[in-house]
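Engineer: Here the protein sequences line up with chains A and G, keeping their order.
The numbering of the first sequence is this note's numbering, which starts it at 50 and goes up by one.
The numbering of the second sequence is this note's numbering, which starts it at 188 and goes up by one.
To be clear, the hints were calculated from the coordinates, so they are not data collected in a lab.
Everything hinted at is true.
In the DMTMM-like style, the derived pairs of lysine to aspartate or glutamate whose C-alpha atoms are separated by at most 25 Å in a straight line are: (1) G:Lys450 - A:Asp151; (2) A:Lys123 - G:Asp513; (3) A:Lys142 - G:Glu547; (4) G:Lys543 - A:Glu101; (5) G:Lys550 - A:Glu103; (6) A:Lys142 - G:Glu517.
Residues per chain are reported as follows:
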Amino acid sequence: MDGRILAASHDGAYVIRMTGDVRLTLCTTIDEYFQKMFADPGFTSVWVDLCEAEGIDSTTLGLLAKLAIKVQDKYGFQPAIFSCEPGINRLLKSMGFQRLFDLREESCASPENIHEIPQVTGSEDSVKDKVIEAHRVLMGLSEENQARFKDLIVALERG
Amino acid sequence: MSTAISRKKVHMESSGTALVVDHDETRVTALATLVKELGFEPVVHTTAVGAREFLHQRPDLDVIVCELDMEGLTWDTARRSLPELDVQIPIILISDEARADAMMTALRWGASDFFVRPLDDIEALERSLGRCRRQRQVRRELEQSRHSLEAANTELRGTIKVLEQDQQAGRQVQMRMLPSTPMVLGDYVFSHTVIPSLYLSGDFTDYFTVGDRHVTFFMADVSGHGSSSAFATVLLKNLFARKRSDLLRKNDETIYSPVAMLKRANLELMDLEVGKFATMVVGVIDTEANTLRYSVAGHLPQPVLVCREGARYLRGEGSAVGIMEDAHYEEHLIDLPDSFMLALFSDGILEILPPKNLIEKEKYFIGVFEETADSPEELVTRLGLDRVETAPDDIAALFISKRD
Chain A
50 MDGRILAASH
60 DGAYVIRMTG
70 DVRLTLCTTI
80 DEYFQKMFAD
90 PGFTSVWVDL
100 CEAEGIDSTT
110 LGLLAKLAIK
120 VQDKYGFQPA
130 IFSCEPGINR
140 LLKSMGFQRL
150 FDLREESCAS
160 PENIHEIPQV
170 TGSEDSVKDK
180 VIEAHRVLMG
190 LSEENQARFK
200 DLIVALERG
Chain G
188 MSTAISRKKV
198 HMESSGTALV
208 VDHDETRVTA
218 LATLVKELGF
228 EPVVHTTAVG
238 AREFLHQRPD
248 LDVIVCELDM
258 EGLTWDTARR
268 SLPELDVQIP
278 IILISDEARA
288 DAMMTALRWG
298 ASDFFVRPLD
308 DIEALERSLG
318 RCRRQRQVRR
328 ELEQSRHSLE
338 AANTELRGTI
348 KVLEQDQQAG
358 RQVQMRMLPS
368 TPMVLGDYVF
378 SHTVIPSLYL
388 SGDFTDYFTV
398 GDRHVTFFMA
408 DVSGHGSSSA
418 FATVLLKNLF
428 ARKRSDLLRK
438 NDETIYSPVA
448 MLKRANLELM
458 DLEVGKFATM
468 VVGVIDTEAN
478 TLRYSVAGHL
488 PQPVLVCREG
498 ARYLRGEGSA
508 VGIMEDAHYE
518 EHLIDLPDSF
528 MLALFSDGIL
538 EILPPKNLIE
548 KEKYFIGVFE
558 ETADSPEELV
568 TRLGLDRVET
578 APDDIAALFI
588 SKRD
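Looking at chain A on its own, in the form it has when it is part of the complex (with noise of 0.2 Å):
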């Protein structure tokens, strides 16, 4: 399965999904999408749904290592990974992306689990309350309704 990008937000929390066989030839479009959420003053989470994805290639993981790097500088949190698949979850270790990550490795297929949600620390209650709401409104987004994904979806060929 190729590999696609996508990428929504929902009152300043945002989510990167990764699916199929991720290759990033070109990788200005993600870098672009970056800086636009780094501009975002309503930003206060991010996270990262691997649990589609099949491979990532090194470009993407170095892309996704400075993305945790620069949210930690910034805001002060490491955003999280949700990933189930034992492969990915294997690949992200052996590169020791949990030191940069909150890897969280249960499925998340059931985002009525989702309690809490790393991000920019000393947001106030109802503020957490509003990002919690806010990334179960994301993953809720299934393929059928993709379209809400439309901040940025990148599909990009093997090689």
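We have chain A; now place chain G onto it with these hints.
Structural biologist: Then chain G, alone, in the frame of chain A:
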């Protein structure tokens, strides 16, 4: 006629050239004058043969204005000669008679317009001539852009050739940076193979003696492919060479420590600020004690140690180099069997293995060693490396073996 003359001034600037053909001298002169007034430079021919010869020279005309009832001009000759010429010049035909069949034939034959004498609607003729000129202009522009495209294409080919030569040169340099293979040191044999997916590879491996009993080796897989990744491999090669000479000149023992080397590599790659990172395995073999000190920096597949008892991964955790400043690495010290083979591959090998999932791939990979693994050559065949024509990713392999 007076309206035409007054309009003429407006149109003079964009004048074109018109071939005017008629056997009747008086008529042709009048027609030429009219055409000139309408803003075209007339070229007059009074015989069909003459006009045809003139057209054979492929003059750059905007329009042909031709008398239909002309001596020496028949539908047959015209039909034959014009396609022959591949004439792309619009034609306006003029006749004394308004014969429907002649008009139909003329239009089907490809004429742009048809006028009947007396020519009283000068404006219609002017519009018709204008259309012809525009049509011709469009063709010229097409022709021009085709030419410039061809020129650009030729230029691009040239540029690509130059780039290819650069890459070839780079590849030569990179190949020469690799250590000699095989390198035999007593019972130990070191060998390697590197298959780049492009000209230049982001994979690199090196081994060299340090002092009189140690051999330091490493395998590095820089993210991405091509030139920028290849430059990072040069940096790593240089780092190891520098630390080797620092031992001799400054008594700096960094080269004996895989973790210290990885930390240095980490800092140097981060300083490079090109967004490149690398997974690495660094090892130091003490040939006298037959021990291996190694450290793994995010590298997959992990090194495989094969001996009589079977094959196993040499475990080790650590971040890839070039990502984060405070990276941590583990150092492992193991006793080596009397007879063994140590195999290190870059992750490109995983791409060509049949299973889809990484965990399955790792199982399959170690299985190949369990089953075969007497010699690097056999392994290369078993893994399908000798059949790889276009590798999706760079593939590098380093083999260290010892026979007792």
